[in-house]
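Could you build the full structure based on these sequences and the hints that come with them?
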Amino acid sequence: MKTYFHVDMDAFFVSVEEIFDPSLKGKPVVVGGAPDQRGVVSAASYAARKFGVHSAMPLRTARRLCPQAIFLEGHPSRYRDYSRRVFDILTSFAPAVEMASIDEAYLDLTGTTRLHGHPLAAAHRLHDLVRRGTGLNCSIGISRSRMVAKVASDQAKPNGILWIAPGLEARFLAPLDVRKLPGVGKVTEQRLFAAGIRTVRQLAAADEAYLAQSFGKWGMALAGKARGEDAGGWYDAEVGEGGGPKSISHEHTFSQDTADSERLEAMLARLSEMVARRLRDHALFARTVQLKLRYADFSTYTRAVTLDHATQLDTEIRDAIRNLFRRNWRRGAAVRLLGVHASSFSDSAGQASLLDGDGALRWSKALTAVDRIRDKFGADSISLASGLSARFRERVHENPAGLPGKDPQDGRSS
DNA sequence: TCTGGGGTCCTAGGACCC
DNA sequence: TCTGGGGTCCTAGGACCC
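For the first sequence, the working numbering begins at 1 and goes up steadily by one.
Simulated from the structure, these hints should not be mistaken for laboratory data. Errors might be hidden in some of the hints.
[Claimed, not checked] The calculated lysine to aspartate or glutamate pairs, modelled on DMTMM-like cross-linking and capped at a C-alpha distance of 25 Å, are: (1) Lys292 with Asp260; (2) Lys50 with Glu241; (3) Lys2 with Asp236; (4) Lys180 with Glu98; (5) Lys25 with Asp154; (6) Lys246 with Asp81; (7) Lys246 with Asp308; (8) Lys2 with Glu241; (9) Lys180 with Glu104; (10) Lys2 with Asp21.
Small disclaimer: the values here were computed from a predicted structure and weren't measured.
Printed below as a string of structure tokens:
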């Protein structure tokens, strides 16, 4: 018999902000940026939620619903720091821990009854450990099924613990709206509604052949789960089985749409550098590089290319992206968003690089030096020339460090 | 209401191979 | 000369999650 915990931090970003500024406590707080910016709500305090504000909502909408809210840009490094603290506490408590995102984790407590006692007692002690170690509240769902544990933690919010006794999974889920099932979003919910299915109970009773045909893999798996059966799928993987990242990407939405090709290409170069840097940090090489292009009307296109060798070099990613951009951008059309995405990872370049071995080695060394400088002096302290917007170039050309050398492919100094 | 940024997984069609 | 079946790789798009 399996025992899983799903630990979910309550209003995580907002709660971390409250630690650094206790005067925020109890007030409507919105993390995501200034309310006149392009952007959406990353997190809202419970006081803000009372006004209808929720995550993923445009900031402008949040302001309309709750003009008195305090809007914060947020501090991603603080959130990562606190996420790590939570993770350390969880790993001190359970043999297998998997962070599913920055603010939630699955724990496998199977076979720990002698050590921890009844799951509910264990959950209360874990809750106290997290509270004392970080100052943050969490909610915990407990079940023999990972998916049910996740739904349970959601039902337990805020600051609660909910144990679903083995055998009672289907009874617990039955009265819930189908939207409560992870994997059922807006679209699937609407399609289920159209078929007369609103609750998990109705989903459990629905014709399996129909679900398989209309909703594919997910539909069938969910129908099984709705009946409390153990169907296949992601939720049956062992806790902690998840490997490294499968893709790395960066994207940017301009504060105002632009058709300035120099600005656009400068942004693509910068995004390429950010992606390459993270590849090097993870010691990964990517073979597939993808451009994302969103126009002013929100129409969005992706264009990918698979290279004949895997790379982690700024120049190779940037050049591939630039080619994709030049071939696909409707010249003159205003762009809202640009993105650079890398995937198909391996742990080495594989087949011979386009650069000769010596050139690739020199570049690798130069880039590592750049990475170190950025660590010390900040991300903007040094950049490939084409990664800078024109107005910053002057300054960098005076860069006394003078690193690194020459780009062997196009001779541009960096 | 005017829509971020970082991810994962699934589907579907075409190329290509045996 | 009217057209199989399976497998893999690649690309594009989309649903969904936090």
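- Sort out which numbered hints this structure fails and list those numbers smallest first. 2 and 10
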